[in-house]
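Can you make the complete structure from the sequences, with help from the hints?
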Amino acid sequence: MNKQFDNLFTFSWEDLHEAAINEGLIPVGYTCSYVPPVLLSAELLYPFRVNARNVNGTEIADIYLSQVTCSYTRSILEYAMDDQLDFLQGWVFAAGCDHLRRLYDNLQYLLKPDFCHIIDAPHKSGSDAIAWYEKELRSLTKKLSEHFEIDINTSTIAKKIIEYNTLMKSLKQISDYRKLESPPFTGTEFHKLMTAVWTLPVNTSQKIVNNIKEKLDKRSPPKGFRARVLVISSVIDQHEWIDCIEKVGALVVADRFCTGSIPGIELYPETDNPFNDIASHLLKTNSCPRMMDTFENRIALILKTIQTYHVDGVIIAPMKFCDIWGVETTQLMMSLKQKNIPFLRLEREYGVSGEGQLQTRVQAFLEQMKL
Amino acid sequence: MGLLSSFTDEIVYYKTYVKNYKNIIQMPIRHGPIQTYNNLKKYPWLWQLAKVNRLLDIVTRGRSGNYRKASAAVVEKIVPSLMSLLDNININTDRLVLHEDMVPPEIISAMGLTTWMSELLGILLPMVDSHSVEKYIDIAENAGIPSDVCSLPKTTMGIILNSEVPPVNAILSSNSPCDGGMASYQLIKNKLKIPMFQLDVPYNFYNDNAVEYFTNELKKMISWLEEHTPGKMDWDRLREICEERNRMTEYELELWEIIRRRPAPIAAEAVFLSHLWCFNITPGDPSGTALFKYLVELANENVKKEIAAIPNEKYRAVLWNPPFLHFIDLFSWAEQQYGLSVIIDSMSYNRQPFIDTKSEDSMLKGLAHNIMTGPMARHTRGPAENYFNDMFYMYTYFDLDMILIAGHIGCKNTAALNGILREKCRKKGIPLLIIDYDLSDPRVVTHDGIIQQFDRFMENIMKERRL
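If you read the sequences in order, they're chains A and B.
The first sequence begins at 67 in our numbering and counts up one residue at a time.
The second sequence begins at 13 in our numbering and counts up one residue at a time.
Because the hints were derived from the structure by calculation, they are not lab data.
Since the model is a prediction, treat every value here as computed from it, not as a measurement.
A few of these clues could be false.
[Stated by the list, open to error] Looking from chain B toward chain A, a few residues come up when the C-beta cut is under 8 Å (computed):
#1 Asn154
#2 Asp160
#3 Gly192
#4 Tyr218
#5 Gly351
Note that CB positions come from ideal geometry on N, CA and C, so glycine has one too.
Right under this line is the structure:
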């Protein structure tokens, strides 16, 4: 693959993060797409989608969470126990899946963070579920206000939604370049950007996004790719994993995963009832297989993405030990098979490992597609 | 005396044995040879179920007197009610509803519908024959289900993928007890191509909002069933069922009071298998109440005569998590080898067991509360404090000597609490044994492997050798 030398997608995350802290911003960690970052953006708060990028093994976390929970939760626990997440001044969880619930339990037991809250996210998206979720979000807001002594009310949230939507609109414009025959950036670059967006304050992210947006039209597209692929998974916040795939010629043009953009960058409705809107938005747009009544929508979204992004093949990469993605993958495979869409199932761990094997599998997949 | 009691014990066994076969043989008589042939062809697991007297062998092995009678009575209760469930696969099949084990069968029965609990075969078959569900696990894994998913939903999916499910017309499930179980129902729905309703059990249920939310879920389920099946809600019938269930509960609570005594007058399957069947599969059935009444009588009689379930009760344990389905023999083995009684288990233990039957709403609220605070929702999905608080409460309440965890490798929820549990037990000085194994698949850890873990624990921690 040809390398770009303009450093457009290279940011010093550490510096930007440090600058935010020095400005007096309060990073609050969250681990699931059912925690709304807009609520964690109020006043001085800033939402930090927790990752364990540099975790070195999970030996201690394995003792508590066991080796049969997903490596994302184990890595986060290990990273937190290794004091690497001490900068977080609070944690917000969603009862999204078995593993995240138990991460919450273990974190509470082992580290006793000053602020640690879990939202009871329903598994349905109907009106009762939205009402339930709205109450949960209001309760979170109240607790954030009390703990951090800040005033979060309907109008602050409504304003934050507007700021957040502006960022998402800009991101969407960048993301849409991937629908072109030759996008001006790689999937790896796009995911460096996405990781920054999910871990930096909205204003900082907006500046990064604006800078990229301005220069994209003049950027020459990367060359040497043989196929356009869609990656389906849960949490991928290490762009090196995408890079591994791209190194053998598969351009990642679409990302249906929690830390990606499909879904993830949809705009929140801007109305007078933001709590209800956030609740409804998250339950209806998040495409997680934890939801019991959105299977058809999830499949439809994948098929639409394949069409819109001119995808040649799909890589489904569930994380080992994730039951909801494990079972969902089987059904996705059946659906894709019926439609004669080439796919590859790649079970993976959270961290990047076994690059050689990963590349061999992807290479074989591309050859199978005759691309 | 010894000879006479041996003779009486043999009579207990053979009486139940013959009764069970009489019940089994009536099924082909009721349905005729052609239907029976077709059933056996379509549902090969019927052959395994026909060997249900193996379960009688297991639960009576090494047990005598009233304890033997109690254990045999549980199997004697299971067989006819199993046959009646099996009748549903041939009669009024338009009313047959497939339901997950966390969905209250009380409501389905009150609506004049018949039930087929999806997990029934996954639970019962390995108890009868240890290796009987391996085939279904392999089918599910070959279809792409990851091998690390719990083997109970894998068995259920395997049976359905292999088209061996009775002719059900609607599916009821929930988000419990775990992600694997929940996710499996979408696959089941896609395979069967019939409508499905799923109940959403809240995570935090200690508030009125949660009760209201979940009660509303039950109301929606009733409306949905009225729309998608011939069933109509009969509130009087529901009241009868709930009242019968309450009566059964009263006896069960009485039984628990009796088994708190040291030594326990009855234990193990008589306590947990009776609960598993009567409360989860056939609640509201008067024969369940009769069984619990009988168990209380037997236990009281033993107390009066100062007879212990096992002659040398040395240790008393709580069994946490579902029992070792393919190795139920472990309990009688532990009794004989170490004088260890399993007094109670987590699956039987319910904090809010009664249902208020004064109004339609109170019944639904009672059922809602019952499910939310039931063992699987409460411990497996709910916050960790539910798990530990109940466990340590039971340890004290039942005067136990150790905690025995059936560490099913597919149960990630409970595995993720083992680290905390070890530390808590260490602090409290409670001996803890976590047996690594798979719930339904003996190929993962063999029976010998389970016994070895048990032996090492008894030798190294309890400083005990086999009797």
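Check each numbered hint against the structure and report the violated ones by number, ascending.
Of the numbered hints, 1, 4, 5 do not hold.
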